[in-house]
Amino acid sequence: MRVEYINPFVEAAFDILKEVLGDEVQRGELYLKSTSQAVMGVAAFVGLAGNVEGRVLFDMTMETAIAIASEMNDETLTTLDDLGKATITELANMITAQAVTKLHDLGFTFDLTPPAIFTGENMEITDNEVEALIVPVITKQGKIEINVAVRERT
Amino acid sequence: MNAVSDSTITAVVENIDFKMVAFSLAGKDYSIDIMKVREISKANRFTYVPNSLPYVKGVYNLRGDIISIIDLRTMFNLPTVQSDRGQPDEIIILRLDDYLIGVIVDSIDKVVGISSQTIQPPHPIFGDINIKFIQGVVEKDERLYIILDVESIFGQEADVAPVVSAGYTAAERYTENKTEEFNMGFIAETLRTFSKYNVTDLNNRWVDKRFEEWKKIKGSSSEVLQLHSEADSAEFLSVFYSTDTGRFWSKEYRNVVSSLFDNSYGGTIRVWNPGCGKGYETYSIAALLSEEFSDASIKIWANDKDLMAISNAPNLVPDKQSLPEYMDKHIVAVNTRHQFNQKIKDIILFEYHDITHPNTFPEVDIIVARDVLSFLGYSDQLRMIAEFQEKLKPGGLLIIGENEELVSDDWKVIKSANNTAYRKKV
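Keeping their order, the protein sequence lines are chains F and Z. First residue of the first sequence? That's 1 in my numbering, and the numbers climb one at a time after it. First residue of the second sequence? That's 1 in my numbering, and the numbers climb one at a time after it.
In short, the hints are calculated from the structure, not lab data. Quick caveat: nothing in here was measured; it's all calculated off a predicted structure. It is possible that part of the hints are untrue.
Said to hold, decoys possible - On the chain F side, residues computed to face chain Z include the following (Cβ under 8 angstroms):
(1) MET1
(2) LEU30
(3) THR78
(4) LEU133
(5) GLU145
(6) ARG151
(7) GLU152
Beta carbons are placed, not taken as given, at the ideal position from N, Cα and C, and that holds for glycine.
Just need the whole structure built from these sequences, with the hints factored in.
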């Protein structure tokens, strides 16, 4: 993945999560992955188009999703209901949008697709041709793995 | 089963100049050049050899000669059939360079004589067997025979075999002298642990040489020879790196590289620079190409999997002192800092990327991968060399580390000082 793209995504994830959760968040080691990977339970998905093609995936466990949705809505949710799903979707949208705005300032124009959310047990995501950058973010509510797979159009 | 039928040999066809032994395997007809076949035999109860490759059935005593027996079905990943117990297998004994090898086939058909002119080259869509192993296809009496290229099949075997002992090749070569073997094996092992440096065919000539030097510097007792830490390992490798690694290329080195180019590039020049590190090498290539080929549109893909190294590469601030004079013209001052001009920056695309993952960009004219392969595991090295071969246009240029070499006939060596360079055979 183009080096210039990395920071905007990492920064956006931090800024937004810190803001919505009102607490410190920590970063895990960034790494690259190309094989298919297991999805922890809840995955919010935003597609990217424009100069590039790709997608951003926010992956977390059901417990983390519920805890984050509870925190953001300032109420205690027990299941990931419609409100909870909408909250996680919105979170994905906010982070991706801020990253794309930062990238726009650097001269890269992307568009995003409306976010979608996947929930379920034992899911796996595979896109063989694109290598994904994994940005693990550790919050008080649990770990979120932001999985960015973007490539230049050639 | 008419193993060798006289009638077919004498069948009158004009210009029969190529005879082959036909056999069947999984319902298809194959053949092997008769000149490679020593004899045909039936046997079973081979002596199993532990820890051998899956397609090696075992060894067999052929009138005093011990030969290896290969199961062609397993080797070609065709479904295996449970053979009737006690029913001997059909074996073709092949005579290759200086050894014999037996291959098990389903059934041996006959000897077929054809005219070598009627052999057609293999078509890429033959599914079951890798096309490299097929010499050609020929039609005879309404049957299609696939002629196997036994040299490349079993020659290949020798190349593939070391995978099993990945990285230990250097150690294994020291068999005469036990202590030496131990020391060298230990060095290979520690280089891998401390520096992720893998001693293989690619670099063992250099490692041998360096080991001799090392003995002179350190003395010959095992204790002092060994590499005890990352620092020792780095010291051992300190003279491995190619000219001008980790800095901008000097004028002299720039001119050496420049002399490797041919002038046949079209309007576009595409370059792949895996393992670009902090980007000094990439900027040197960009400067060089934009000077030499000012009209061409140049594109360089530079990758590294070390995020810390590559993250500053797009905005590298060249230190005036380390910058060779010839590069001055590519530098502009932004505020108080110096930077490469937009033209150079637009040429390069720095990517945080692991080259052992899929590489998705198109074919390239030049690959500069100095001192990159040695730091990959043995099987990744082989895979990357194959990928270089695939990604380069015919006649394309490959530059690897000064102290590395490719052991393969696929490449044409270009003689040059301070460089190991190859051209892909057209």
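Going down the list of hints, with the structure as the test:
1. MET1: Holds, because the Cβ-Cβ distance from MET1 of chain F to chain Z comes to roughly 5 angstroms (cut-off 8 angstroms).
2. LEU30: holds, 6 angstroms
3. THR78: violated, 40 angstroms
4. LEU133: holds, 7 angstroms
5. GLU145: violated, 16 angstroms
6. ARG151: holds, 6 angstroms
7. GLU152: holds, 7 angstroms
Violated hints, listed in ascending order, are 3 and 5; each of the other numbered hints is respected by the structure.
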